[in-house]
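Student: Heads up: the sequence lines are chains Y and H, in that order.
Heads up: the first sequence begins at 322 in the working numbering, then just goes up one per residue.
Heads up: the second sequence begins at 136 in the working numbering, then just goes up one per residue.
No wet-lab data here; the hints were simulated from the structure.
Please note that the accuracy of each hint is not assured.
[As the list claims (entries may be wrong)] Below, a sample of chain Y positions facing chain H; criterion: calculated Cβ distance under 7 Å: (1) E416; (2) E502; (3) K525; (4) V528; (5) D612.
[Unchecked claim] In silico negatives: residues of chain H with every beta carbon more than 10 Å from chain Y: (6) M253; (7) T279; (8) V568; (9) V727; (10) V762.
Even glycine gets a Cβ: it sits at the ideal position worked out from N, Cα and C.
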Amino acid sequence: MVNTKQLRVVYGDGTLGVGGDDFHYIFSYSRGGLESLVIGGKEWLYREPKPTFWRATTDNDRGNGFSKKSIQWLGADMFIDVKSIDIKVNGQLIEFPKPPLNNQYSDHETAAQVEISYHYQTLTIPQTTVDVTYSVTPDSALQIKVHYAGKKGLPELPVFGMRFIMPTKAVSYQYNGLSGETYPDRMAGGIPGTYQVAGLPVTKYLVPEDNGVHMQTNWVTVTRQSTKDNSDASTVPFSLKFEKLTGPFAFSALPYTAEELENATHIEELPLPRRTVVSILGAVRGVGGIDSWGADVEPQYHIPADQDIDFGFVIKRG
Amino acid sequence: MSQKTVTQAALRWLDDPEVFRVNEIPAHSDHQFFKNQDEVNQHQSSFVQSLNGDWRFAYAQDPMSRQKDFYQADFDSSNFDTIRVPGLIEFAGYHKIKYINTLYPWEGKIFRRPAYTMGPDQDGAGMFSEGKDNHVGQYVKKFTLAPALQHHQVRIRFEGVQTAMYAWLNGHFLGYAEDSFTPHEFDLTPYLVDGENTLAVAVFNRSTASFLEDQDMFRFFGIFRDVSLIAQPAVHLEDLSIKPTVNDDFQSGRLTVDAQFNGQQAGTVAHLNVTDAAGHQVYESSQKADGDVRLADTPLESIHLWDHDNPYLYQLTITLTDQAGQPLEIVPYQFGFRRIEINQAKVITLNGQRLIIKGVNRHEWDAKSGRVVTMADMQADIATFKKNHINAVRTCHYPDHLAWYRLCDVNGIYMMAENNLESHGTWQKLGDVEPSDNVPGSLPQWRAAVLDRAKNNYETFKNHTSILFWSLGNESYAGDDIEAMNQYYKQTDPSRLVHYEGVFHNPKYKATISDVESRMYATPTEIEDYLKHDPQKPFLLCEYMHDMGNSIGGMKSYMDLLDKYPMYQGGFIWDFIDQAIEVKDEVTGQKVLRYGGDFDDRVSDYEFSGDGLMFADRTEKPAMQEVRYYYGKY
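Just chain Y, same shape as in the assembly (with noise of 0.2 Å):
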């Protein structure tokens, strides 16, 4: 079926807005990302959502000194630059609509589809590249991309994904993947199925570490039933699915980030849920588990940093 429909879009002097009939996506140039993701006039976003690099230490990562050997990219999981940011409208490269060059456009521009990539530069040493691209299209999906530049002399790293904080904290979700938790050395055991999670668990590890991801997802469906909006006050369940685009990615959805996760040394520390953090992971290094006082994961579970890294996703209304 041809879609006749196009999109609506905002050639703003700080962001590029893109939306149709209920949804409206304004990706930001200043703050380097995806500023708003609105759909059916719900806010999915608290800040924008950047590549992730880091995984909060496990009782093995600690005992083998992996942390220490790839500290590195706990920096570059909390601060990142954007170098550039690319415009292609119909699948043509514009010129990077800057005022005044934005003075060309009216208030009722289209287009069929619209995409915007990002190109951010690790704050480690040697720098490296990662390229997240979103794709708009008219029924309102949102196609993102992400590519991870590799680059010889980085150390390997804890996990890479794209993180995305959402300004509630979600009621459940459901995926389709994997029974429980897995990671890609404890997999085995997980039994593909649809499942529905209840509230954000946090696996209750004595010392608050990673924990909650779910390997080889097709899609997966968050519900949140609040907002920050203090003109809604409906408790009106509402979704966000993102869905595998070629293979399926593994993910976590907790209330918090590896760095508050990381912080901690009793599960009772922890802040108070009241965000929801959904990875969406290209590649997971494996948990181990031979020791926890030195044994390596083993090396096929390893992210080698100087690969590339390819993954991509679709987001759509839930």
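Position chain H against the provided structure of chain Y, taking the given hints into account.
Tutor: This is chain H only, laid out in the frame that chain Y set:
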């Protein structure tokens, strides 16, 4: 008892590795006995009077400040507190909870070297009897003998007391015991009075036994298992030894039953009856019950074998009757036929089939009470085992609650029954093997103590079909003393295998210690290396897959070895349940789980206390599904 009764307690025993049991009734089989069949059916013996409950209690910081006359019959204990028995002194709030792994709990506070390790004249006098860190729990329990126990011989049984205990009845010294995890029994009969009796027990946190009980766990003390008064009829089955053997055809076998009766009474007869699981009689005999008697030694043409998948048990019942034919006592015991051996290909077989151990190490743990576990805890653990295809358990690193062995018999769980022994603090120093003060080592002064532990373990649990391996202990290096333990088991019980890992660190004892090559945390590559180079013994991992926090990655590499090498027999995951303690959070008021170091306990090994497949609240960690998958596959 051939030993002369000792009538005076001496504090110096705490310092002397050669004193570890005084006036104790010798260890014997763990059979229960009942007055009649109704009691058997109800699992309630009128010969037993529980002393569990509230006891009077006083805590002392050290031996010097204890109340020295508290055991006197006329001592006024009205100003003592009340404490729950069984229970740990730490959980009652008197003493700081402490967790530490290899280092001794006095690390950084007191310098100690085990007696005789620094020379034959270094006897350790005063090390514990005057130890400023040797806290004392002083217990008083007043009781009146229940009518059913009156006019009988009566003993008291402590199923578990950590670390060293002295007991008195009505001011008379009963005895002294170490070895925290096996039962201690003392004869009360000479000292019982009509009406109220006063039992006094002093429990010391430390003694030379502390050097042998350096297990990686929370370090507790107190009376932490049941205490019972046990009456015995005029003639009583004191010890029972059931030896079911399986013939080479694995279809027929032989049953030998030996009994040792205490007491004499003309006309007392022991009737032995054995039925199969369907209730059909398999064998019966009747003999005079007098001294040591062989009650059965009979071939059986057709036997059902016991294993994990079909834990078939026979019911043995011994009924003692008096001259008039009235029952004196009835002893029921379930046993199975199974055969564990190492075949010509150096593969461990069970009933002729290669044994594959899909095991876990299991500490006794309850987040609300520490090492005081309930029947519900044990039943829950068995249910978890079955659900996740766990077929074997190592009782790390001490004997468990008596009921656990029976549960393993009934549920077909293969047991590695480990002695209460771990002394890694005397030879693992900052990551090095440095055994200069190792105990027991080859020191003659420490040999009897560890042999006694071996004997306690054997004698108490010898009739349990589920026990396939005796384990000499954990991480205690190797020397002549552990070699003597090995020899004890080989001589006493040729029907089972002996396991010990520590010989890996002192290979000169490899020929004389352990029937199996056991390692902990060896990598799959290291295991292959062993198995490819003319292995002399079958291989198992007494500990592997360290499940601390988010772990159990890479299990496949271990399971693949099962397909490649028949002499690789599997292993025991470390470990079953997190050791963490439920407390009320001081900030939020929520119930939370705390680990080592959370009680201002220093020096500590902190979160290393929690390495379980289960969280401390007995919910499964996510990794369990991986274990369920692989253990279900083999």
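Student: Confirm or reject each hint.
Tutor: Hint by hint, here is what the structure shows:
For Y/E416, the interface hint is violated, since its Cβ never comes within 7 Å of a Cβ in chain H; the closest pair sits about 48 Å apart. The beta carbon of Y/E502 is positioned within 7 Å of a beta carbon in chain H (closest approach about 3 Å), and the interface hint is therefore held. A cut of 7 Å between beta carbons decides the hint on Y/K525: the least distance to chain H is about 6 Å, and the hint holds. Annotation: interface hint on Y/V528 holds; nearest CB of chain H at approximately 5 Å, less than 7 Å.
With a least beta-carbon distance of about 4 Å to chain H, the hint placing Y/D612 at the interface is held under the 7 Å criterion. Consistency note on H/M253: stated as away from chain Y, and its beta-carbon is indeed over 10 Å from all of that chain's, at 30 Å minimum. Even its closest Cβ contact with chain Y, about 46 Å, leaves H/T279 beyond 10 Å, as expected for a residue assigned away from the interface. Residue-level check passed: H/V568 sits 15 Å from the nearest beta carbon of chain Y, beyond 10 Å.
The Cβ of H/V727 sits about 5 Å from the closest Cβ of chain Y, inside the 10 Å cut-off, so the non-interface label is violated. With a least CB separation of 7 Å from chain Y, H/V762 falls inside the 10 Å interface cut-off, contrary to its annotation.
Of the hints listed earlier, those the structure fails to meet are numbers 1, 9, 10, in rising order.
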